[in-house]
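Chemist: Counting from 1384, one number per residue, gives the positions in the sequence shown under the working numbering.
The set of hints was computed from the structure by calculation and includes no laboratory data. Check each hint, because a few of them may be wrong.
List of simulated lysine-lysine pairs, BS3-like, C-alpha gap at most 27 Å [stated by the list, open to error]:
1. K1693 with K1675
2. K1538 with K1557
3. K1746 with K1788
4. K1675 with K1606
5. K1561 with K1538
6. K1693 with K1606
7. K1746 with K1675
8. K1788 with K1842
9. K1788 with K1841
10. K1557 with K1675
11. K1675 with K1561
12. K1606 with K1557
Remember, it's a predicted structure, so these values are computed and weren't measured experimentally.
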Amino acid sequence: GGGGGGGGGGGMLRQKASAATTTTTAKAWVPESVAAANAALAATATSSAEAAAALGRAAPTRRRYPSFLASNPANAAAAAAAAATKNASTHSSNKISSPATKSSNNKSPQKPQQNWNHHAIGYSVDPEPPESFALHIDVATQVRPGGVDLTPQQKAQLDAFWVGNGVRSAAHRKGLVKLAETMGMFRDPERLVERMAQLEDGLWRAVGIAEIDIGVMVGRSPKMLYFEPDYLVERLRLLRDLLPNVNLRRIIERNPQVLGMDMTCTLPAKMRELSVLLPHTDVIHLIETHPKILSMNVGGAVSRNLFNLKALMVEAGVVEAGVEVMVAYMPRLLTSDILGTVRRRLQHIERMAPGTFRHYADKPASLSRMLCASERALDRIGFLAEHHPDAELSPIATVNMPAVKFNGRYPAFDSWTNQMTACEDKEEEEEEAVGERGVEGSLEEAAEEEEKEEKEEKKEDKEEEKGGGLEL
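Generate coordinates for the entire structure from the input sequences, incorporating the hints supplied.
Modeler: Written as structure tokens, this is what we have:
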């Protein structure tokens, strides 16, 4: 129908429909031709599946809740139940919005405000999390200048919230709970869930990243929750242009701080410096393997670590080209403490198996694996040399063997390691005791010397007084 009568009739029908059921309107602009078909379809379709089939689209098959809620089975079940209840109550009266009318100057309709409940990726979640709660802050007792003092119960509530939303690291949860004392958003679970949903939505819309671990990202870089959706999409697309053909999901999960860096100046400059330091290495692959290097000062710390590593490997008989191969296989060496941790590991290996590095001088990849292994894995070399000298295992094979396989073949290794650890702890305690006694002895000697000096000064003063009296 056309004209005002049709509009009035439509208004009466809408009033009657709203009196019986609740009408849900999708906030999305669609072309006029598609909107007309949708409006005709809404009058006869009884479910979203029938509407999708009639329009020639497949019904959504993705999950009905974000992945960070799926990490907690309780949250997932509650979200699915809430979505099913909501759909059952609204299917009978769901209507697709009519097209936005164009203005007289033929301008395109205004872009609707973005909503975190983005149907383009299959989300249908209520903004309120299934297990929401509110932290009630007592203004009189908890508020202080610059923040609030959370009670142990409130901290436990926040910790349980982060556990349920995928933050597995206890250190990360402790940091997030500490942020809640100074930042209000981290005390509001509803806002946090909404921000995490926006974050996952932006990752999908920008570069098609799905099934990413949001809990790990938020734990490593909480300030990502303050990024606006459009800003995040822009950063992700710039990062894709800088690092083509790489696994962006892996880079962002392992180093989410990269999204807050300057994509037009800082990151390209770091990549150029890396290519100068390592002219024969694929810098893009290096960054994909160890994204933490982008958070380092390449011209300072990374360059210094590379220089120290070359000097250390010269002592072991490794040429400069071999050092670059070591870094290509194990980029962690560029961000490690070369003069501290790496040197101690080298000395530990040489003490247990002398000549190991000279033997592997022409195998830099094996050397890099040994230098990046844990101390427990390196202790296997000493255990075999002491208890199984006839074992036909090279040092590199010993270090790289899976723990389950090695412990199954040599069950006495755990007890030997515990004994060695106890002996080392005892030696450290003795050294500390000797050092304390030495400090006490030195302090006593210093006190005795001061007393002697004071006595000598007093004698001199008395002699001067006697001499002065004789002169008078």
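Chemist: In ascending order, which of the hints set out earlier in this document are inconsistent with the structure?
Modeler: As far as the earlier hints go, 6, 8 and 9 are violated by this structure, in ascending order.
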